[in-house]
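Undergrad: Spelled out from the first residue to the last, the chains are:
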Amino acid sequence: MSIEKKEFKPLIVAFCCNWCSYAGADLAGTSRLAYPAEIKIIRVPCSCRVNPMFVLRAFQRGADGVIIAGCHPGDCHYTSGNYFARRRMTMLFSMLDFFGIERERTRVDWVSAAEGVKFSTVMNDFSKKIHELGENRRLGDLRCKQTIDR
Amino acid sequence: MLQKQQLQAETIRRISGVNTRKCMKCGKCTATCPAHSEMDISPHRFVSMVENNEIDALMSSDSLWKCLSCFACVERCPRGVEPANLIEAVRVTAVRMQNRNRLLPENIPSLLNNKLPQQALVSAFRKYSK
Amino acid sequence: MTFDYYPGCTLKTKAKELDIHARSAAEALGIKLEELTDWQCCGAVYPMAKDEIATRLSSVRALAASRDNGRDLLTLCSACHHVIKRVNNDMQTDEEIRTKVNNYMSPETEYHGETKVVHYLEMLRDTIGFDTIRQRAVKPLTGKKIGAYYGCLLLRPNKVMAFDNPENPTVLEDFIRALGAEPVIYPYRNECCGGYISLENNELSAKKCDQITVSALENKADMLITACPLCMYNLDANTNSEHKTKLPIVYFTELLAQVLDI
Amino acid sequence: MQRIGVFVCWCGTNIAATVDIDTVVEAMKREPGVVHSSDYQYMCSEAGQSRIRNAIKEHNLTGIVVCACSPRMHETTFRKAAKAAGLNEFMVEIANIREHCAWIHKDRTEATEKAVVLARTAVAKLNLNKPLTPGTSDVVKRALVIGGGIAGIQSALDIAEAGYQVDIVEKEPTIGGKMAQLDKTFPTLDCAACILTPKMVEAAQHDNINLITYSEVDSVSGFVGNFTVKIRKKARSVKADICSGCGICTEKCPSKKAKSEFNMGLNNRSAIYIPFAQAIPNVPVIDRDQCIKFKTGKCGLCAKVCPADAIDFSQQDEIIEQKYGAVVLATGFKPIKLDNFDEYSYAASQDVITSLELERIMNAAGPTGGKLLRPSDKKHPHTMVFVQCVGSRDTTGCGKTYCSKICCMYTAKHAMLIREKYPDIDVHVFYIDVRTPGKNFDEFYRRAAEDYGVNYIKGMVGKVAPTNGKLMVQGSDLIADRQVIIEADMVVLATAIEPDQTAKSLATMLTASIDTNNFFTEAHPKLRPVESPTAGVFLSGVCQGPKDIPETVAQASAAAVKVVGLLSKDKLVSNPCVAGSNELLCNGCSNCQHVCPYGAIDYVEKEFRINGKIKIRRVAQVNEAVCQGCGACTVVCPSGAMDLKGFTNQQIMAEVDAICR
Amino acid sequence: MQTNNRPVKEIAQEIFAENQAERILGWKRGEFFYDNSPAVFSAADELQEFVYDAFCGSNLSKFLVKEAAKEGRIAVLLKPCDRYSFNQLVKEHRIDKENVLPIEIDCDGMVDIDKVRALGIKGIKSISADGDQLTIETVYGQKNCSKEDVLLLKCQTCKDRTGGDRFALVREIEEMSSVERYEFWRSELSKCIRCNACRNVCPACTCEKCVFDNDKSGIANKANSDSFEESLYHMIRAFHVAGRCTDCGECSRVCPQGIPLHLINRKVIKDLNEFYGEYQAGADDSSVGPLTSYELDDVEPDIVMNRGGGR
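Chains as they are written, first to last, in this note's numbering: chain A, 13 to 162; chain B, 116 to 245; chain C, 5 to 266; chain D, 500 to 1160; chain E, 15 to 325.
One thing to keep in mind: the hints can contain errors.
Below, a sample of chain A positions facing chain E; criterion: calculated Cβ distance under 7 Å [as the list claims (entries may be wrong)]:
1. Phe-20
2. Pro-64
3. Leu-68
4. Gln-72
5. Phe-96
6. Arg-99
7. Met-101
8. Ser-106
9. Phe-111
10. Gly-112
11. Lys-141
Stretch-level coverage of chain D by chain E, calculated; a stretch enters the list once three of its residues show a Cβ under 8 Å from a Cβ in chain E [claimed, not checked]:
12. 1077-1086
13. 1133-1144
Simulated from the structure, these hints should not be mistaken for laboratory data. What you are looking at is a predicted structure, and each value in this text was computed from that prediction instead of being measured. Yeah, the Cβ is synthetic: ideal placement off N, Cα and C, and Gly gets one too.
Model the full assembly from the supplied sequences, consistent with the hints where possible.
TA: This is how it looks when you write it as structure tokens:
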């Protein structure tokens, strides 16, 4: 087994609400505003669909960062979804912090369908932060990690 | 100079508890003030001058000593600005400076009459002197 | 029922009538007023600046003493009522003032605004009831037209004083009715008489007093009543003599005692 | 096990330039469930779609993944293609390898790797997809309009014109609302009655409109397309069907001490009354609190004089039940009470009036026959003061925090009309700001000031003191920086407006949300301003927020279009991606109900057979016609009973796993 | 212990005597004097076994989910802390209130036998409480100790009795550095044997089927493959009870490994209070909880990044 040091390639999961942030990501694409390829987007109807279990699952399976993007408060397609998401994620992040998981591994941001630039900026910034933090060792589940090279 | 005024204005805003930005410049305070005829700076201008850190002019204003503390402006302000608190805060700031006591004990005897209630004296000292 | 009673300095000297009749009337109506021992002057003006701590202490001492006695604190002078009630409110709501005051006094038990401050008129209205007074009226003032002069301190700011409708108060009018007289409603009954400024600028005070008395006379008042020694002094000293003869001004407690025939 | 086909689109060079298509196609062949993987230059073209259709048939596919542009672009296209080949349209997943990959990454290796991940994520999700069928429900072709003011009338007329039945429920004895009380309307100064009453008549005579006046909504159940509404028809004590509206009863009625509501209490009316001459229906109503017959048992004069024998003292409230496909809320407004603003002496002096009272005084059919007279002594006034923003823009809790929007303009109107008719009257207007956004609005206001000499004073009034038969108005003139005292004969207060008190109870009945000021909330503040978040409930007029007549009418028509759009459908097809509860897991805790923005979740007591025993449990049931599929409920469900079709917990976790593999 | 100066047992007897309920949910003596356990009594003579003393720590509310669904009215004895759980369960419709007669009883703290033993007192035969003092009969004679020193962890910071700062320990952990916190929890949670006692005793965990037992939930797992998987279990559990946990402290009381699990819930409660205003789950049986409501001007999630505490 070689102990060659590999370059750290983080894995970032982004949950984007269908109505604002996913469309914002589309706009970033149409405008050719680059952000790192390590960011992979999962489409959900609303930020309130994101169960904290999904975030924990991502970390458990080896994600190095998780970001949730939704409509700006007041603009939710479903009027109140992002308000619930805001409370839930605040509580989840605080709990993760309490367990000693690095605070910066999680983030919530509000990106509208018109904010392609913001989408790209937020993703670049978040990715930069995850690069600084390095690999998520504290929450990764070893059992899952081993299956990576199948 | 400007910096000094800014600091003073900050103190005034703090000790008065007044958020001058809440003022929507409707002028109801000035409309309501029973002492307005004696004032060189109207209550509504007090609010905007503190907001704009124009403290020197306020400190030398006669209005400081004309406010009756009747709270009519506080009661009627539609935005909850409390101009009377602001005027008192400026007055207090003025009085606290050296040699700025307005009412001196040596002036009292000439003001006395046998009907004057104690509270008139006490309140005058509280309002006009350190 | 027993209240702790805070007379204040003026009621001990220049406003004895306000005090004496209040005590006798209360006694006649079955209310016991226990004068607080060792009360100090409240300072006569409420210190609006939040960093004025020492000027709040005498009020807090009275309030804390009343709390320890387990009684409500009854006041009579408008100025004292205003100052004590507002300082009490500070102690309830302003954490910074509360901490500083308690640090200053280091009392055995910290004071947090537990005491209820009651004005004599509130006691008449809420504890005794104006109906009772009407029934007890031995010499009702039938046919008298009396104007109530509220002044500022009892009513404002309503958010803290919570005494009556600040723009259209009714407690003194109801009181006047209970005495068998007819209340005169005139628009300047809640406007300031300029009492606080009478030492500094009695010209302005005179102007304000004039506005009040003219308005009361125009609405056919025979006399004015007040609860405030400073208003009393000011209206007396700064009203022109012509109006003064037409419109005597007395403390409301004097009339109460008179009607109860004490 | 699914049989999945993967179709990778080149999008010309848009994708193919940065993503190695072959690598993606080959990688997908190794994914579980995938039985076919191919590529084409333009998948969205007819040729591309036909390849998909053929592959579905040829390989007997159960689902397809299209790796192409954003689903927001062509998801519908590919779903149609799948459907055409006999596949359920919800067995289609899109991997967005254009906007989210090819267009933003330059490095070919990196982009290809990411495309593979995105594709396998879609495959992972599709493996768990289930065919979904959109639910359908019938639409009752009838609309209910609550409120018979100009907003309600306009909405009803537009819906009726489109050929649908409409009921207007109005709580007062007549339709017409606040507009009927107005004298003239800004900025054109045409008379309100002249433009309103024809509309009232039109509504009354329209074959498709049914007026239910003197009635209130008692309860509402059901959902979009199928509301069941109970309406309480209050007893008029007059048989509306045989009354001829001759009005003899109102003339002969001996009880004439009730304050006229229509004239803002400025004069009296009889106990049996018709609110105003042009009332519709023109049928009197007996005010039972005032009627001598009802109070003492004696009298009954109206019954004696009625030529049609229409008086019925024994009439009872009646409950009507009716089904509706859509509901329009047009409950309007009222001026606030002025109890918190006694400094203006509204209660102390009769000559201090609200603007709506002035409308009645100026109106030819009003209590003074249109002559401007002081209410106290019926004398001609010489000086009038208008005060703006009375109770509006007040953050102290005494009034309303918002701008009532209409006051600036109607005050300009009042001032102008007075100066025009009585040039001898001095008119002063105290204002904080004059707000005149609107067509010809600012010109109108400036005309009042410039051509008619209305004295606009920037400042506020502090006190109005009734003195010697005059009103001493103490105000500020901020431009001159002085206090002014104006000796006025009349003071007119531009009183803030607030939603009618019925809004709150209706909001509860309809689960239509209201804001802190009790205005109805719109589904989206910009894009869905005439819909309530509750499907099938629409908003018309001031009940949604302060607005003037043209805006109200515009919104009323917009709401009508929305209603017509809804009623024109025979069936409502609902989005099948809705929440559903697994009743066996449901705890009955109500958490989901609390967070549902649409009131789509109900609870029922249901019998279950558990281990041979019958057990009654409280379980959640989602009304699929009402649910919009946000998923808020799924997260608060502790047992995981609540799930969202199309975005199930398992599907999303499979996506997470696929990305993190 | 007494309530309204009457022995609780007398109250229980009265319930049967006056036919107020058909069954009573209370505690009965266990094998040892210190392991009293919850029990349902359905006749007066069964009350011989009834006990209410300093070892009745267990919260009876949860048992009502099953018991109240059965035929016949049931009376339940609720200590002040248990009352919250009761209300919360009523709020969530888990208990049919109509079928329950709640009896509030006084409590001056429950004793942790392990803490008595830790004082070096051996051969304990019985313990009786006399005000603040405990009298301990041992085979080596009588011993005394202060009750305050041997209270159950949850009783030391009782919401109703002491008014002590129940968040002190949470604060201490917050002040640690991120790595210290991680190590703290890693070492605590690595002790977890996944016996599920915390879940089984928790009055907020009354799901028809727990997600951890449901293969379809995607998070079901019975055995741990890595020590930190346990923290996921506890995180998910804490999140599931967030806003509903009344801080009854049962989780820590029953943990055989002595993991301070209640601290996780307290952290959540502390955050909810700080972010969204004071809220006590179960203070009433109708209010809507903080995670099923919102305000337009709630704090943004980045408050977690920007506030104090160790990094």
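Undergrad: Indicate, hint by hint, whether the structure satisfies it.
TA: Verification of the supplied hints:
With a least beta-carbon distance of about 19 Å to chain E, the hint placing A/Phe-20 at the interface is violated under the 7 Å criterion. For the restraint placing A/Pro-64 at the interface with chain E, the shortest Cβ-Cβ distance is roughly 5 Å, inside the 7 Å limit, so the hint holds. Using the Cβ-Cβ criterion of 7 Å, the hint placing A/Leu-68 at the interface with chain E is satisfied: the shortest such distance is roughly 6 Å. Given the 7 Å rule on beta carbons, the hint for A/Gln-72 holds: about 6 Å separates it from the nearest Cβ of chain E.
A distance limit of 7 Å between C-beta atoms decides the matter here; for A/Phe-96 the minimum to chain E is near 6 Å, and the interface restraint holds. Given the 7 Å rule on beta carbons, the hint for A/Arg-99 holds: about 6 Å separates it from the nearest Cβ of chain E. Here the hint on A/Met-101 is kept, as its CB sits about 5 Å from the closest CB of chain E, short of 7 Å. Because the closest C-beta pair between A/Ser-106 and chain E is about 5 Å apart, less than 7 Å, the hint holds.
A least Cβ separation of about 5 Å between A/Phe-111 and chain E falls short of the 7 Å threshold, and the interface hint therefore holds. At a threshold of 7 Å, the smallest CB-CB gap from A/Gly-112 to chain E is about 3 Å, leaving the interface hint in force. At about 10 Å, the closest approach between the beta carbon of A/Lys-141 and any beta carbon in chain E exceeds 7 Å, and the interface hint on this residue is violated. Proximity of the region 1077-1086 of chain D to chain E, defined as three or more residues with a beta carbon under 8 Å from a beta carbon of that chain, is established by the 4 residues found.
For the region 1133-1144 of chain D, the assignment as covered by chain E holds, since 5 residues bring a beta-carbon within under 8 Å of that chain's beta-carbons and 3 suffice.
Hints 1, 11, counting from the list given before, are not met by this structure.
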